[in-house]
Amino acid sequence: MSDAIKRLKAEDRNDSYNSFSAAINSREQLTPKTNAQSYAIELNELKRKEAGDYDPYDHSDIEHPTTNFETLIHLLKSSFGTGILAMPLAFYHSGYILGIIGTSVIGLLCTYCMHMLVRTEYELCKRKKVPSLTYPGTAEAALAEGPPFLAKLAPYSGIISNVFLLMYQLGSSCVYIVFISENIWNVVNNYWQVNERLIFVMLLLPLILVTFVKNLKLLVPLTSFANFITVVSFGIIYYYIFQEPITFEGRSALGQLTNMPLFFGTVMFALESIGMVLPLQHEMKNRAHFSKPFGTLNVGMFLVTTMYIVMGLFGYLAYGDTVKASISYTIDPESKIAQVCKLLLALAIFTSFSLFMYVGVDIIWNHMNLKAKFDQKPHPQLWDYVFRTLLVSFVFGLAVLIPYIDLFISLVGALCISALGLAFPAIFDSSTKWYHLDDSLKWWIHGKNLLIVLFAFFGLVVGTITSMDQIIQKFTPN
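Numbering-wise (UniProt numbering), the sequence shown opens with residue 1 and increments by one.
In case anyone wonders, no lab produced these hints; they're calculated from the structure.
Being a predicted model, the structure only gives us computed values, none of them experimental.
Keep in mind that a hint or two might mislead.
[Said to hold, decoys possible] Cross-link-like lysine-lysine pairs, in silico, DSSO-like; alpha carbons within 27 Å at most:
{"#": "1", "residue 1": "Lys292", "residue 2": "Lys77"}
{"#": "2", "residue 1": "Lys77", "residue 2": "Lys285"}
{"#": "3", "residue 1": "Lys214", "residue 2": "Lys285"}
{"#": "4", "residue 1": "Lys126", "residue 2": "Lys442"}
{"#": "5", "residue 1": "Lys285", "residue 2": "Lys126"}
{"#": "6", "residue 1": "Lys128", "residue 2": "Lys285"}
{"#": "7", "residue 1": "Lys126", "residue 2": "Lys152"}
{"#": "8", "residue 1": "Lys77", "residue 2": "Lys214"}
{"#": "9", "residue 1": "Lys448", "residue 2": "Lys126"}
{"#": "10", "residue 1": "Lys324", "residue 2": "Lys474"}
{"#": "11", "residue 1": "Lys152", "residue 2": "Lys129"}
{"#": "12", "residue 1": "Lys292", "residue 2": "Lys126"}
{"#": "13", "residue 1": "Lys152", "residue 2": "Lys442"}
{"#": "14", "residue 1": "Lys336", "residue 2": "Lys324"}
{"#": "15", "residue 1": "Lys129", "residue 2": "Lys285"}
{"#": "16", "residue 1": "Lys442", "residue 2": "Lys129"}
{"#": "17", "residue 1": "Lys128", "residue 2": "Lys442"}
{"#": "18", "residue 1": "Lys292", "residue 2": "Lys442"}
{"#": "19", "residue 1": "Lys292", "residue 2": "Lys474"}
{"#": "20", "residue 1": "Lys214", "residue 2": "Lys373"}
{"#": "21", "residue 1": "Lys324", "residue 2": "Lys128"}
{"#": "22", "residue 1": "Lys474", "residue 2": "Lys448"}
{"#": "23", "residue 1": "Lys292", "residue 2": "Lys129"}
{"#": "24", "residue 1": "Lys214", "residue 2": "Lys377"}
{"#": "25", "residue 1": "Lys77", "residue 2": "Lys324"}
{"#": "26", "residue 1": "Lys152", "residue 2": "Lys448"}
{"#": "27", "residue 1": "Lys371", "residue 2": "Lys214"}
Construct the complete structure from the given sequences, taking the supplied hints into account.
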């Protein structure tokens with residue numbers, strides 16, 4: 001037994017992924033079935049000693065780290081977008097009682113899974129002695145630490161994570177294009193009878209040009225301006241909501257069961273910021289504060305969930321069955337102030353569009369090695385711009401093909417966020433702890449994570465099918 005442990009210790013000192021995988025495989029071959037539990041405990045102690053006092057939070061090398069408050073603001077900014085404006089319709093689907101309860105439960109679950117992801121990344125960084133890991137890097141390292149049936153998937157887990165991240169980012173970009181177009185059309189249509197498709201076409205070139213901006217620092221003034229006008233627009237929307245009679249009369253306390261998947265997908269899309277959790281935490285001066293009981297994540301998600309419940313509840317109580325896909329479409333269409341609000345929201349999303357596309361461009365161009373291939377050709381910068389043009393055109397085509405923002409939001413939330421925000425963090429947590437738990441904890445940890453995965457899978461399948469069915473019905477003649 002001691003020889004096997006020494007052999008593992010020697011192999012684990014190698015930081016490369018191949019040596020790490022080899023250590024996992026050799027452990028499985030050398031462990032006698034009768035001594036599996038005791039060996040796992042010994043291995044746990046060995047790794048703990050080997051890791052020593054290495055703390056990833058002490059090895060961050062960020063040139064301009066953010067304060068706790070700045071990180072909180074960034075978290076709030078990443079959470080307030082088109083999703084919150086769809087919450088009144090989500091409450092219409094669920095009813096106001098189930099809407100409050102459901103949004104609260106989903107908010108708690110999303111927050112818990114974010115904590116799991118941060119803890120898993122921290123533990124893996126300690127073992128591998130690296131300051132930080134990306135989401136795909138965490139996926140690969142976590143599965144490599146797990147049992148053989150998960151370790152075999154480790155080489156592909158980064159690709160799978162990137163695919164889901166890509167679908168989420170491109171799907172979200174479709175939502176934003178539809179949102180920009182419909183808000184502009186809702187204003188223009190009060191003065192001229194214009195086909196909505198014409199508004200779409202007029203947006204294509206500006207969207208391509210704004211995506212050509214590669215240096216994110218150049219976007220900071222635009223982003224700050226977008227944040228300001230978003231806050232102003234939300235104030236206008238709340239003004240119109242509370243101008244209406246807030247009543248429970250004619251409002252459903254419990255919605256139809258068939259509409260629950262649409263509610264689930266919308267709330268998941270609106271609440272979840274899983275793609276921003278690790279990058280925001282990595283940029284902090286005091287990274288440990290992020291996950292504390294009254295730290296950045298808990299405070300931020302509490303505020304976000306509360307704001308979403310307030311918007312959903314009062315928006316639904318004010319407008320009832322007349323509420324539309326976005327609350328901005330619902331407020332007084334003839335009011336000049338309401339029209340200004342819609343144009344401001346469209347401008348805010350437009351100026352941030354390059355940021356929304358940034359992750360998608362990065363995944364395909366850099367992580368899928370397209371950049372390396374085209375760097376060998378003449379005029380590599382030209383090929384970069386061609387790629388960005390084609391990608392925006394593809395996303396634009398999807399938005400024109402399915403111009404239903406509520407169904408797009410529900411589809412993206414159910415399909416992508418159920419996996420990225422719920423199922424994957426639970427799998428990473430179990431895999432990372434697989435050989436590091438005693439009997440008193442392992443059934444609780446793995447059982448709890450299994451329930452989260454099953455819930456996420458159910459939401460993914462049912463939510464995706466329901467959203468697709470609704471989209472198909474939109475194109476089916478009555």
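Hint-by-hint comparison with the structure:
1. Lys292 - Lys77: Holds, at roughly 20 Å.
2. Lys77 - Lys285: holds (19 Å)
3. Lys214 - Lys285: With Cα atoms ~26 Å apart, Lys214 and Lys285 stay inside 27 Å; holds.
4. Lys126 - Lys442: Status holds; Cα separation ~21 Å.
5. Lys285 - Lys126: holds (18 Å)
6. Lys128 - Lys285: holds (22 Å)
7. Lys126 - Lys152: With a Cα-Cα distance of about 22 Å, the restraint between Lys126 and Lys152 holds, given a limit of 27 Å.
8. Lys77 - Lys214: holds (21 Å)
9. Lys448 - Lys126: holds (24 Å)
10. Lys324 - Lys474: At roughly 15 Å apart (the allowed maximum being 27 Å), Lys474 and Lys324 satisfy the hint.
11. Lys152 - Lys129: With Cα atoms ~23 Å apart, Lys152 and Lys129 stay inside 27 Å; holds.
12. Lys292 - Lys126: With a Cα-Cα distance of about 19 Å, the restraint between Lys292 and Lys126 holds, given a limit of 27 Å.
13. Lys152 - Lys442: Holds, at roughly 21 Å.
14. Lys336 - Lys324: holds (19 Å)
15. Lys129 - Lys285: holds (19 Å)
16. Lys442 - Lys129: Since the Cα atoms of Lys442 and Lys129 sit roughly 25 Å apart, the hinted pair holds (cutoff 27 Å).
17. Lys128 - Lys442: holds (23 Å)
18. Lys292 - Lys442: holds (24 Å)
19. Lys292 - Lys474: violated (46 Å)
20. Lys214 - Lys373: holds (19 Å)
21. Lys324 - Lys128: violated (50 Å)
22. Lys474 - Lys448: Answer violated: Lys474 to Lys448 is near 39 Å, above 27 Å.
23. Lys292 - Lys129: holds (22 Å)
24. Lys214 - Lys377: holds (20 Å)
25. Lys77 - Lys324: holds (24 Å)
26. Lys152 - Lys448: holds (23 Å)
27. Lys371 - Lys214: holds (14 Å)
Checked against the numbered hints listed earlier, the structure breaks hints 19, 21 and 22; every other hint is satisfied.
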